[in-house]
Structures are given as C-alpha cells and as structure tokens.
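Starting from the known structure of chain A, arrange chain B on it as the hints suggest.
Going line by line, the protein sequences match chains A and B.
Under our numbering, the letters of the first sequence match residues 1 to 406, in that order.
Under our numbering, the letters of the second sequence match residues 407 to 812, in that order.
Read the hints as simulated data drawn from the structure, not as lab findings.
Worth double-checking, as some hints may not be accurate.
Unchecked claim - With beta-carbon atoms standing in for the labels, derived distance ranges:
(1) Lys-465/B <-> Lys-32/A: 13 to 21 Å
(2) Gln-484/B <-> Glu-74/A: 36 to 44 Å
(3) Asp-706/B <-> Asp-42/A: 24 to 32 Å
(4) Glu-74/A <-> Ile-559/B: 50 to 58 Å
This one's a predicted model, so the numbers in the text were calculated from it and none came from an experiment.
Using N, Cα and C, we set each Cβ at its ideal position, and we do this for glycine too.
2 protein chains.
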Amino acid sequence: MPSISLKGTNMPASPIRKLVPYADGAKKRGTKVYHLNIGQPDLETPKAFWDKLAHMDMKVLAYCPSDGIGTYKEKFSQYYNKLGIKVDPSNFIITNGGSEALLFTMMSCINEGDEVIIPEPMYANYIGFATSSNVTVKPIPCSIENGFALPAISEFEKLINTKTKAILICNPNNPTGYLYSREELETLRGLALKYDLYLFVDEVYREFVYGDSEHFSALNLEGLDNHVVVIDSISKRFSACGARIGALITRNKDVLAAAMKFAQARLSPPSLGQIAGEGLFDLGQDYYDSIKTEYKYRRDLMVSLLNQIPGVKCPTPGGAFYAVAQLPVDDADAFCQWMLESFSYQGATVMMAPASGFYSTKGSGKNEVRIAYVLNGDDLTKAMECLGEGLKEYKGLAISKEKILV
Amino acid sequence: MPSISLKGTNMPASPIRKLVPYADGAKKRGTKVYHLNIGQPDLETPKAFWDKLAHMDMKVLAYCPSDGIGTYKEKFSQYYNKLGIKVDPSNFIITNGGSEALLFTMMSCINEGDEVIIPEPMYANYIGFATSSNVTVKPIPCSIENGFALPAISEFEKLINTKTKAILICNPNNPTGYLYSREELETLRGLALKYDLYLFVDEVYREFVYGDSEHFSALNLEGLDNHVVVIDSISKRFSACGARIGALITRNKDVLAAAMKFAQARLSPPSLGQIAGEGLFDLGQDYYDSIKTEYKYRRDLMVSLLNQIPGVKCPTPGGAFYAVAQLPVDDADAFCQWMLESFSYQGATVMMAPASGFYSTKGSGKNEVRIAYVLNGDDLTKAMECLGEGLKEYKGLAISKEKILV
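One chain only, chain A, in its complex shape:
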C-alpha cells in the first residue's frame, strides 16, 4: 500500500471543524448544540442575492475568466473606491473564497522554506495554507493582557532574518477580534519598507468594526503598492459563506501575473456566486449599519456574560465577530470535547473552537477558546449560561477525581 505524503501527515486538522463528530453525536442524542465554533453568520443573505439567483437568464453555466467575471470585478472595485481605496478591476483576482486567495498569495510570493511572520493566536487555516505552500510560519506572540494588540516593533525585528519574506495579519483579527489601529499599520509599513517584505492583510472583516474606531486598509498605506496584498471575501460581509467567492487584491503587477497562472490552472472561480453576488455591492450604508448594530449588541452582551463566569477572562474585541477567552481549565481541547460528549444543560450544550489550533507555537493557548458570536442575543445568553454551568460541573468533576486519586 503506497504511503501518504509528509505534507498530508503534517497538515493540521481544523480546530474549528475537528470536533464536528462529537457535535453530531450530541445532536443524535437529542441535545441542542449552540454553534460558537465557526464563523458562519446567522444573519440572512441579502434578498438581492436570492432574487438574482431566482432569475438567472442562462442556458449554459460556463466557465468564467480565470480572474473572475469582468462586471463583478468592476462592482467589487467600485465598492473599494467608495471606501476611498484607489484600485481598479485589474487589481483583482477573484478566487474560491478568501482561502484560495491566501494560498495563491503564499505560492506566488514566498519560496519553500522561507518565512512569514504572523501574530498569534492566528487564523488556524493560515497554518494550513503555509503547510500546503511549504512556507514556514514564524509566530509572534500577542497577549490577552492587552487584548492581543500588535507586539512591539523590537519583537518583530528579533524574528526578521534573510528568510523572512512577509508579514501576515488579519484586520480586524480572527480569532481575537482585535482591530489594528492606523498607527500599528504604519509600524508594519515601516518594517515592510526597511526589510523589503510583503505585507499580506486579510481584510474580510473590514466592515465589522464597532464603536468609534475606523478600519484602515493596508491598500491606503503610502509607498507600499508593491508590498501589499489584501485578501477579501463576500462570505462574512454578506452572509454568503457558501458562495465561495473571495479575492486577491494588489497593485503589484508581478504578483498579479504569477497568481493569474495559479488561477488559470484551476480554470475559474464559481460563476453562480459572482453572478448572484454582483448586486451585493449596491447595498447602501444602512445595510452595513444594521449588521454593525447587531454584532455590536452581541459582542457587548457576550463579553459581559463571559466575564461574569468565575475564572473566565475575555477582552472586548474591536471588530470581527470573534473573541478569544481564557477559561479556568487546564486543557480547553479536552473541555470542549467533554462539553459535546458528556454535558448538557436544559437539553443543550455549546460548541467552541479550542484556541490551541490557532497557535503555531506548541503548548500555547491551552486554556483558551475562540468564540464566534454568530447567534442572536437570546441564544447567546442561553449559550453563555450553558457554558457557565458546564465549567462548574467540569471543575466539580476535576475535584472529585483529585479526591479519588488522593
């Protein structure tokens, strides 16, 4: 029997999805599962999308151009222009979700064995795409104590060597929800220029920013046209995760040309999601305001309820719809599995993503979880109550075990 590859062995399992069999088990037993593990918004996909889909005037569902449908790219770039970002359709390559955009970016820009610096905790799949591309991730630790803010410039410089080719951030951040300030981005600009590094910025949560803070796009950093590659997607912004429509956006023509060859090899991104998705960019400010209001309400509710649970610590995130919380447990992986396998409260349990999978440094984040606040306020309240009860029972079990051992 032929063996599988080293890459296949080393590829990490998704911390977001690896507990799915336990969740399925809980559901089979009749337990309701509150899904806080995955960034799957519950808000409705806008009507404009479904309307377009119901009235497709096509006979043949053909391939589209490898870099996406022209009119779709046009609409997408106009949305950027409205945000004050100067790009045109030629700066876009439409991809199979933000995932593929990131894979193309890594493959186009970084040689095997070269390094990309990523603040950790980091979006777990960055580690997967780096494994796929043979790129080495150099994590730079952030601290829950300051809400996971950008580490000091000196910490970055300690990691930079001849193999360093890029810095990758997600802004606002998945999994921490941290919103990088303009000043922090200027810091990264300085590093990119000083060491001639790429700056990859995943801005899929750009519109999810709460309070008075504003999102500052890396595409607006001065003098960095050849350094910045932005990853985007309609998945979260428009509750359209299943469309699998993302984009790679850059002004660097060499990167566009290289990425286009990877795009050609897989022929084209999905046509349906683009055709139905064109109308989404016509949605007005009221659409964005309404989702912001809803998520801000949920964030405030969840963070407040979390911090009321004894032993739980959760900073208030500035954006996205995630938070990383510290739990009073030794091993959040075991706890999250136990919640699905062995616990229920009023017929329900909670599914979270253990944070260990969001750390590239082995052993980090053992007592943390990522929570996505993608449930309505009522369910979120019930889920937090359930989590509190779960922690209480789990702690009780641990004490009984200790007593038995003694």
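Leaving out everything else, chain B in the frame of chain A:
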C-alpha cells in the same frame, strides 16, 4: 520591491487560455472567433439544474461540510453504483472542480521531489498542479501514429525508480481523446501492484465514449482499493463548468483523511452548485445517449474535415470531446496566434490550443494543436473551412518570406 517566488515564476501559463488577449483583440476588430481552444461544452445545462436554482428555499447561504453536502454525496455515489462501481458517500470528497481534487490528491500522496508518470501529451494543468505541489512530472511519450495509445509496459519500467510514486492518466484522454481499454488498465494495475504505486485516474469524460467501446473505471480494478484515486466533476458531463463541483473518490482511508485536512483548510466547496446539482444524477440514460449522439456526430464530422485539409493529420479519438491534430506548420504556437492576430475568412477565425503546452518535454508537439469539438455541426464545418483557408494563407506567407530571404 519584494520578488515573486520561484514557484510563481515556474508555474506554466495555461496553453488553453494564454491566447485569450489575441482572441479579445480579434473580437474587438469585429472578427467572429470559433472557440475550439477550451473544453467548454455548448450544450445546455439540464433544466433540472436551473429549476432547482430558481426555487432555493434558503435564508442563509452557509458553508457546507468540508467534504461536501451529505445528500449530494449520496446522489453522486448512487450514480456510481448504477455504473456498477461499488462506492458509498464516505469514499467521496467534494471539491472546487476536478482541479482541486487533483491538487489535493497530489498534495496528499506525493512528497516534494517525488515523481508521477503521465503519458504525454497530457492535460496541461496537470503540470500546473504538479508545480503547485512540488511534484516532478515524468512524461511518457505517446504517438499520434497509433492514436496516442498507452505506451508499452517496458517504457513505463524504464522510468520507474525509487522516487516514482504514482501513474496519472485521464480516461478518456484530454487532450487526445484516446479511450484506454480494459486491457491497458489491467497493465497499469500490474505496474501499480508490482511497484506499489498510486494510480490516479481522471474520469471526468467517462460518459463521452463513442462507438461500441465501453469505459472501464479504475475503481473496478481488482485489489487496487488502496492504490486508485479517481478524479471526477460535473463540469463536462452536465455542461456545468461554472458550478465548480468536482470530487476525489477513493477507498484508501489514509488518503481520504489527509485530503480531508486540505479540504478543511479551505472550509467548503461551493454550496450552490451542489444544491442545484443534486437533481442531475437523476437524469436517465436518454440524457447520456443524446449527448453521446451529438458528440459522436461532431467527432466524425470534424475528424473527416480535418483530414481533408492538405498536410493535416488527426486520428479518430474514442472518447472525450478533444482531438490532437498535426498541422503542416513548424510552430503551432505562432500559427494559432497568427490566426487570431492577422487572419480572418468570411469575417471569422479559429482559436485552438497549441499542443506544446500539453507536453512536459520541451520541444515536443510543436506542430500539433488540441481542438475541442464543442460547437454545433454548422459552426464546426465553418471553423474547419476557416482553418483550411488559414493554413493555405500561412503557407503562402512562409513561401513569400523564403523568396524574400533568397
């Protein structure tokens, strides 16, 4: 300015799509372009697909499971069962087109620098996926003289060494249209067992088989459950290229587990194409019969017309909707570009894919083109006439040039 990666540099441009700017130029000048360059069927996507799409009863277009929607996998495996192939949904991972299935297969099964043997000419994008995965392609030359049949077993054995991990074929073949016989597959089975190799078989053209021959699936080769990975897609079978729904099918549990991790990293394949596509597997034999009848008619027409053009040679392919033809030119790349840039006949020209891009051996296939017969009979007839006139004029130009040089 940071440089792009070696992989980005080495990635081949698609021979199918690289002439697109010249075709666009021709269209701008008002010249009609007969597209024989790309395997984009002109037949209508079945009504079942559009009906389903027009009546989607959803509010949120959510991610689906990383390995695809359960009911879709069920339908897909039932289609296999009807063909006499014993598989169940657990053998399937649904992918972003056949392209991603092949990428996952290579990444899961082959270490960097290890080798896969592929008969050439080969589907151009195999070279691209191998480049993406750092896999070395070892081409095994086939000859137009015997219609691109499988080379002798001794030729394979000359190439097999400790780095050889797999043999990859496309059956029926893209670009040659060659249909491998059951005997040829049994030969490959022998090699796979003797040298413990994977056998990857791209069967996306399975239903496009003409005359009395039958397609024999590699999944029905005895004792090869852990060796065979089949690539499939709904793109060609149901004229649904833009849906981007493919599949990796294998009984090897280790390969499924490894591929699942790559699948999880990109979250999910497109939901819409799967939901709308479920009904396609209910289409009866009359659907398959009608497309076979149409493509057989086109094949016979095109091959006959091609062979009537002085200096053109084209074997009769047994399946798929491609043929590789030898043209009386020194450099088919230059000729194909000239056809788009400088030639028209009755207001039209023909776009073909130069075959050089389907050879991994540099310098091979210089006087060959791949032609996809994805136009109706009338257009195909006009396109062949146009090609004949183009060759006549091109030859005349070459003679005038020679005279000038003399």
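We went through each hint and held it up to the structure:
no. : hint                               : verdict
1   : Lys-465/B <-> Lys-32/A: 13 to 21 Å : 19 Å, holds
2   : Gln-484/B <-> Glu-74/A: 36 to 44 Å : 42 Å, holds
3   : Asp-706/B <-> Asp-42/A: 24 to 32 Å : 55 Å, violated
4   : Glu-74/A <-> Ile-559/B: 50 to 58 Å : 54 Å, holds
Checked against the numbered hints above, the structure violates only hint 3.
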